[in-house]
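Student: Make a model of the complete structure from these sequences and hints.
For the record, the sequence lines run as chains H and A. First residue of the first sequence? That's 181 in our numbering, and the numbers climb one at a time after it. First residue of the second sequence? That's 181 in our numbering, and the numbers climb one at a time after it.
Hints are not guaranteed to be accurate.
Because identical chains share one entry, a pair is satisfied inside a single copy or across any pair of copies.
Quick list of in silico lysine to any residue cross-link-like pairs, SDA-like style, CA-CA up to 25 Å [unchecked claim]:
1. Lys344 - Glu379
2. Lys344 - Phe375
3. Lys247 - Arg197
4. Lys344 - Cys369
5. Lys195 - Arg241
Please keep in mind that the hints were generated in silico from the structure rather than gathered at the bench.
2 protein chains.
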Amino acid sequence: MPDATDPAPMNARRKFRREGEGRRRQDLIEATLDSVAEYGLQGATLRTIALRAGVTAGLIRHYFPGKEELLQEAYTALVGRMTEQAKAALVMDDASPRQRLAAFVTANLNAPIIDARVFSLWATFLGRAGADPALARAHRDGYLGFRNEVEAVVAEVLAAEQHKPDAGELRHHAIAINAIIDGLWIEGCLAGEMFSPGELAAIGIKAVEAELGLAPLKQFQEK
Amino acid sequence: MPDATDPAPMNARRKFRREGEGRRRQDLIEATLDSVAEYGLQGATLRTIALRAGVTAGLIRHYFPGKEELLQEAYTALVGRMTEQAKAALVMDDASPRQRLAAFVTANLNAPIIDARVFSLWATFLGRAGADPALARAHRDGYLGFRNEVEAVVAEVLAAEQHKPDAGELRHHAIAINAIIDGLWIEGCLAGEMFSPGELAAIGIKAVEAELGLAPLKQFQEK
DNA sequence: AGGTTATTTATACACTTGCACAACAAGGCC
DNA sequence: GGCCTTGTTGTGCAAGTGTATAAATAACCT
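Tutor: Given below as structure tokens:
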């Protein structure tokens with residue numbers, strides 16, 4: 181119970197620190213993603229987001245024109261991070277195309293890309309992409325970038341195997357491999373505990389190699 | 181402009197018809213799915229749903245304890261319909277296992293299963309499955325039922341090909357094929373206009389046959 | 001140190017939301 | 001027909017929403 185000699189003023193205004201604009205915007209975007217992942221789009225209110233970011237709700241309007249723009253920027257940041265992580269697995273200079281492809285599949289089917297929180301965000305935003313052109317565009321850009329990466333690696337792999345696929349064949353392979361990775365990614369995110377560690381990656385590599393008509397290699401089997 | 185001799189009473193209460201309980205509940209569930217697909221979970225308010233169902237908002241509480249239960253029943257109905265449609269493609273008595281598998285893939289990669297509205301619903305609800313155990317359970321049941329169907333057909337196909345896979349091998353095939361279908365389904369729903377008719381099904385069949393190590397058949401190529 | 005700026009808080013407001021409840025009427029039963 | 005059940009409407013309400021804006025104050029400049 182408060183003492184009569186309580187030294188604190190009764191209506192003390194909250195202490196705060198001024199952060200740089202970049203930092204605050206990033207914090208708010210992160211808080212937005214956290215809130216959406218945990219409570220969904222309906223539960224991600226400005227007050228919830230502000231609470232998680234450690235500020236008050238009014239501040240959001242100082243950095244974003246409105247809630248919609250905040251959500252769009254958050255989704256753009258999410259998509260960018262996802263594709264960036266995925267493509268990072270491809271930068272292995274001193275590796276054969278096949279090794280790079282296998283590493284790509286493995287990276288996409290393990291943490292941190294297999295992640296329930298990211299999946300929740302992905303699904304939540306994508307559910308609104310049908311009605312929100314801005315979200316649809318953000319997704320489309322990320323998806324096409326991803327598929328182009330796949331197609332490039334596939335072309336290298338087939339070239340190394342003395343295959344010379346035409347454009348249509350290459351495209352079909354890229355679409356199928358993209359589907360394999362996406363589908364396994366979803367299964368892993370939604371029911372990760374149903375698979376032993378590395379199992380999804382092993383399934384994915386075998387499926388991709390079968391799609392490309394490659395004989396299995398030993399070195400990328402589950403160790 | 182209303183005439184001074186307007187015969188209608190000014191505060192006329194709305195005319196209505198009494199529908200059977202089954203019909204009303206189904207109409208409300210359908211209106212809920214429509215609203216969620218079009219406006220998302222946040223936009224699917226009781227008033228929006230009631231408007232689309234042709235009733236007033238208060239009536240919803242006469243059939244459902246609250247909004248949450250309505251949403252859960254709607255999602256359950258959606259999942260049930262999806263898996264039912266998918267499995268319906270498998271009931272071809274006088275067909276070889278391989279034909280049935282190909283027909284299954286084809287059915288899942290064309291309308292009405294490839295559908296932007298259904299995808300929007302699927303993603304929207306699944307985004308909340310991470311936080312809502314009831315939704316997670318509804319999804320899990322549908323998914324496992326689907327995968328078991330796949331596994332059964334795969335077993336028949338391999339048996340017809342004189343293969344005798346062990347349980348682990350069979351499970352891996354089912355997981356991979358399920359991923360292929362899911363991944364292509366998503367691509368088709370999100371960017372259907374990027375694919376020519378039948379293209380996704382052709383890609384899917386080829387990928388599935390490659391996964392199972394089957395030599396391609398002519399009769400299920402794109403015609 | 002003192003003045004200035006613009007970041008941050010706090011409050012207010014119009015509006016929507018899910019839910020509760022009383023009034024009403026549609027359709028079956030006698 | 002008249003009554004009775006209950007499906008259905010309309011209204012009200014408290015809580016919560018996004019947005020607007022004034023007041024406060026942390027940090028920078030000289």
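Student: If a hint holds in the structure, say so; if it doesn't, say that too.
Tutor: Going down the list of hints, with the structure as the test:
1. Lys344 - Glu379: So Lys344 and Glu379 pass the 25 Å test across copies only (21 Å; inside, 31 Å).
2. Lys344 - Phe375: Only across copies: Lys344 and Phe375 sit 23 Å apart there, 36 Å inside one copy, limit 25 Å.
3. Lys247 - Arg197: This pair counts as within: shortest intra-copy Cα distance 23 Å, inter-copy 41 Å.
4. Lys344 - Cys369: Close neither inside one copy (36 Å) nor across copies (31 Å); limit 25 Å.
5. Lys195 - Arg241: within (19 Å within a copy, 45 Å between copies)
Hint compliance for this structure: hint 4 is the single one not met.
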